[in-house]
Amino acid sequence: MAEYEAAIGMEVHAELLTESKMFCGCRNAFGGEPNTRCCPVCLGLPGALPVINRKAVEHVIRTALALNCTINPAAKFDRKNYFYPDLPKGYQISQYDRPIGFNGWLDIEVGGEVTRVRIRRVHLEEDTGKLMHLPSGDSAVDYNRAGVPLMEIVTDFPPDMRSAEQARAYLVALRSILTYTGASDGRMEEGSLRCEPNLSVRPRGYEGFGAKTEIKNLNSFRAVQRGIEYEIARQTGILESGEAVRQETRGWNDARQETFAQRSKEDEQEYRYFPEPDLPPLMIGDDWIESIRQRMPELPAAARERLMRDYGLRAAEADWLTQSPATAAYFTEASRACGKPAQVATWMMGDFARLLNASGTAIEQSSVTPDRLGRLLSLVEAGSISGKMAKTFFERMFETGATPDALLAEHGSQVTDEATLAALVDQVIGAEPAVWEAICAGDERKLTYVMGQVMKLSRGKANPQQTRQLLQDRLNRGR
Amino acid sequence: MICRMSAAQIRERLLAQEISTADVVREHRARIAEAEPVVRALLTLIDPNETAGQPDVTIDPPTGAQPLAGIPIIVKDNICTARVRTTCGSRILQNFVPPYDATVVRKLRAAGAVILAKSNLDEFAMGSSTENSAFGPSRNPCDPSRVPGGSSGGSAAAIAAFEAPLALGSDTGGSIRQPASLCGVVGMKPTYGRVSRYGLVAYASSLDQIGPITRTVRDAAMLLDIICGPDPMDSTTLDLPPTAFEDSCREDVRGLRIGLPGEYFGLGVEPAVNAAVRRAADLLADMGAHVEECSLPSTELGLAAYYIIAPAEASSNLARYDGVRYGHRATADEREARSERQGAGVMEHGRMTERTRGEGFGAEVKQRIMIGTYALSAGYYDAYYLRAQKVRTLIRREFAQAFERFDVLLTPTSPTTAFRLGERTSDPMAMKLADICTIPANLAGLPAISVPCGFHEGLPIGLQIIGKALDEETVIRAAYAYEQAKGEG
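Residue numbers (the working numbering), protein chains in the order written: chain A, 911 to 1389; chain B, 88 to 576.
A hint or two may mislead.
Unchecked claim - Restricting the straight-line Cα-Cα distance to at most 20 Å, the calculated cross-link-like pairs of lysine to any residue (SDA-like) are: (1) B/Lys477 - A/Arg1008; (2) A/Lys1175 - A/Phe1067; (3) A/Lys986 - B/Ile458; (4) A/Lys1040 - B/Glu435; (5) A/Lys986 - B/Tyr468; (6) B/Lys194 - A/Pro950; (7) A/Lys986 - B/Met457; (8) B/Lys477 - A/Pro1187; (9) A/Lys990 - B/Ser464; (10) A/Lys990 - B/Ile458; (11) A/Lys1250 - A/Asp1261; (12) A/Lys1175 - B/Ala465; (13) B/Lys194 - B/Gly151; (14) B/Lys477 - A/Pro1190; (15) B/Lys477 - A/Tyr1359; (16) A/Lys990 - B/Tyr467; (17) A/Lys1371 - A/Tyr1359; (18) A/Lys1175 - B/Ser464; (19) B/Lys453 - A/Tyr1181; (20) A/Lys990 - B/Met457; (21) A/Lys986 - B/Leu473; (22) A/Lys986 - B/Thr323; (23) A/Lys1175 - A/Ala1154; (24) A/Lys1366 - A/Glu1320; (25) B/Lys453 - A/Tyr992; (26) A/Lys986 - B/Thr480; (27) A/Lys1040 - A/Tyr992; (28) A/Lys990 - B/Ala465; (29) A/Lys990 - B/Tyr468; (30) A/Lys990 - B/Leu473; (31) A/Lys990 - B/Asp469.
Keep in mind that the hints were calculated from the coordinates and are not lab data.
Computed from a predicted model, the values in this text were never measured in an experiment.
Starting from the given sequences, assemble the full structure and let the hints guide the process.
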């Protein structure tokens, strides 16, 4: 039986983080009472005209540069014509043959293997309104979203991606760039980042490409991966049974974890693109590009390199810490505060990440500021508290907002005085002679129990290393 | 007779306090009441309390800040007026009341002008006779059995009937100049980008331009000074310094280089029209201008290019009238309501849009939407839209070459004088030929004016003066000098 491989391309739409909409002064924000952020322009009233939001253009130029694109010096807007109730003007202002950015690429890494995903184009358009289907059976339209600036990023053909993991990695890397450049908040659940993969399957070694399907309604990274996996399996099954794949758009049903046919190729719209006569060509001079390039924030790849180089981190750690500009900034600040980057990384990826995830808190909103984590680690380093105490302190800091110094004042330092520790050890051994005998007879697993008893007696403040050493010495002597 | 005065004369009298703004407005209202039963130039009369938010009786005489204070104006009904319905001569917008003023209307209000009424037009400015208005045609005041031209026929007829001294029209292929010519008044299309289109209901965005219709060249210049200028709401306006076109009204054409493009005197132009325009050229030559024949070989292609580009843009511009947000909305009949299993009058969106547009648009509009949709369709785009754009470039280039030798070009405005109502409604080609002399200036974005240059069998003839881009000044100077030299008649 032939082996099959997938060829995957992707269209990504990202709502841009601008103050106002793409072509009018209405505020660009998520949610709100229906139809409260509209004006004659974004409602498409007769006689209203669009005006280009330069901030949105800058976001697209910045993103295109980050994706290694060429910037079109004379980009233009076009009208994409179709009827739909959420489309106020009967056309969407978009870009057809002269997008702002083109011919770029993004490197992704899966299982240690780097793949270059070529980007065909990055363009700017306006979002549509939202349809709402009421219990009465009527439909209503909310135009708050109509006219919100939307960036579209399209991978090149022939497709460079071969697996769902790669597609996911591409989307993760792309979202990371969007959040680093500040172009988008990248929230798939709220729909500010939307992903429409298209894919076809062919026998490995075959030169051409089969009929492709496009998948819509993918509202999470997980859904993207599952949707693609499902579609690869479905198409492979069809080919193996000797049938032909239908070129169509398929929707993802998250509850049933499967795709379903939405629209066939025959139903495809004829958009009648033509140049938008209400807007002059968008001239993008070298000066403008250069000023954007100079103000370019650090990008994920550079941040990753920097963390590995400057802090001696491993690749996996650097990947994790550069997942967003906020985590990278947190790491940098906390490391500066305590001078212990390795420990900061361990804490951020361990206890901190667990608590953040469990409580749904964003790292930049946590009451454990980089300075406080730094201070906590400094206390450990100075021997004021033990690692075990630090864990307890950290949870308190996270939950109550307490500072490490306040907790230290409350609990006191750890016990490191040899005589005091020896007295504690004596007390425990004296209380449990049978256990100690067993240990001396060779059952060293019970040492942990004794350790625990010493910690308990010291209310957690006995220095664990010293205590363990004392016990070991006593054991050696006992033998 | 205040109504016989030009806006400039009214302004003078107001400043001299010989008349009051209340007199001016009252007399024009009376004149409207008298003329309208025959002329039918107007669709909506504006209540004085709706005018600039202040009753007309309290308007102060004109000052520097309010140069049009107390002066009546009529606005074509495809230009949005806040709280006053703006129909575009279409059933689909029959009850549409815009929540905002067009930029030109805002400027008029700021200048103190009194907007008296909204004038009739061919539906969505598509036509040359006002016979495509959903609310019935207007009549030519010179002969009520004849059309006033179009599409700004209501504005031109109102000016010719002395209903106001000033009016605004819009010109996509001649819609200001052709009716001005047919009604014997002055109409000017400025350079594309000179006047903001914000609030002008779009027909063909790359061609549309608002301009004045008046009885004198000075009034046209004065009104243009008020309405022109860059507008942050319209990205196609040009960033230009303030103008003083009224100061161009000087009787001096010595050394002016005037070209007579031969092509414009063929094209089915009536001999009497030809003769009148040539007489005008002779008069200007007598005054010291250099008049010379020239050639613009691509002129004839203009009409064909226009009837691709304008409908293509229109097919897209008019897509918003789907009954969802405003304007006419079709309701389901009983049978449909049953089959849809919905509430009474409710139907599925696609059908509602089809029915709304089917009921709301007239025949000419539907025809142009279909032509435009076809021209933009995959497989036809290159053959039609793209080719038409190439013709447009060619025409623009020919003009640019001609303007290396000439300051202005002189042509007829309309090949014929006013035709009879109904005469051309069944002959769309004849109707469209009415714009053959005016379309090229739209395609090239050039300023052009029509001034009366005589009569044929009692019907007015118009002279068109086309200028270089942004050189309204010379166009106005030539038109003013000619107007003054010609005298009455």
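To see whether the hints hold, each was checked on the structure:
1. B/Lys477 - A/Arg1008: At roughly 19 Å apart (the allowed maximum being 20 Å), arginine 1008 of chain A and lysine 477 of chain B satisfy the hint.
2. A/Lys1175 - A/Phe1067: Answer holds: lysine 1175 of chain A to phenylalanine 1067 of chain A is near 19 Å, not above 20 Å.
3. A/Lys986 - B/Ile458: The given pair, whose Cα atoms are some 25 Å apart, is violated under the 20 Å limit.
4. A/Lys1040 - B/Glu435: 17 Å, holds
5. A/Lys986 - B/Tyr468: 18 Å, holds
6. B/Lys194 - A/Pro950: 19 Å, holds
7. A/Lys986 - B/Met457: Roughly 26 Å between the alpha carbons, so the hint for lysine 986 of chain A and methionine 457 of chain B is violated.
8. B/Lys477 - A/Pro1187: OK: lysine 477 of chain B and proline 1187 of chain A at ~16 Å, within 20 Å.
9. A/Lys990 - B/Ser464: 12 Å, holds
10. A/Lys990 - B/Ile458: 17 Å, holds
11. A/Lys1250 - A/Asp1261: 16 Å, holds
12. A/Lys1175 - B/Ala465: Holds: lysine 1175 of chain A and alanine 465 of chain B sit about 15 Å apart, inside 20 Å.
13. B/Lys194 - B/Gly151: 14 Å, holds
14. B/Lys477 - A/Pro1190: 18 Å, holds
15. B/Lys477 - A/Tyr1359: 91 Å, violated
16. A/Lys990 - B/Tyr467: Holds, because 16 Å separates the two Cα atoms, which is no more than 20 Å.
17. A/Lys1371 - A/Tyr1359: 16 Å, holds
18. A/Lys1175 - B/Ser464: OK: lysine 1175 of chain A and serine 464 of chain B at ~17 Å, within 20 Å.
19. B/Lys453 - A/Tyr1181: 19 Å, holds
20. A/Lys990 - B/Met457: 17 Å, holds
21. A/Lys986 - B/Leu473: The given pair, whose Cα atoms are some 16 Å apart, holds under the 20 Å limit.
22. A/Lys986 - B/Thr323: 14 Å, holds
23. A/Lys1175 - A/Ala1154: Answer holds: lysine 1175 of chain A to alanine 1154 of chain A is near 14 Å, not above 20 Å.
24. A/Lys1366 - A/Glu1320: 17 Å, holds
25. B/Lys453 - A/Tyr992: 17 Å, holds
26. A/Lys986 - B/Thr480: 18 Å, holds
27. A/Lys1040 - A/Tyr992: Answer holds: lysine 1040 of chain A to tyrosine 992 of chain A is near 16 Å, not above 20 Å.
28. A/Lys990 - B/Ala465: Answer holds: lysine 990 of chain A to alanine 465 of chain B is near 12 Å, not above 20 Å.
29. A/Lys990 - B/Tyr468: Between lysine 990 of chain A and tyrosine 468 of chain B the Cα gap is close to 14 Å, so the pair holds against 20 Å.
30. A/Lys990 - B/Leu473: Judged against 20 Å, a Cα distance of about 17 Å means the pair holds.
31. A/Lys990 - B/Asp469: Holds: lysine 990 of chain A and aspartate 469 of chain B sit about 17 Å apart, inside 20 Å.
The structure fails hints 3, 7 and 15 (numbered hints given earlier, in ascending order).
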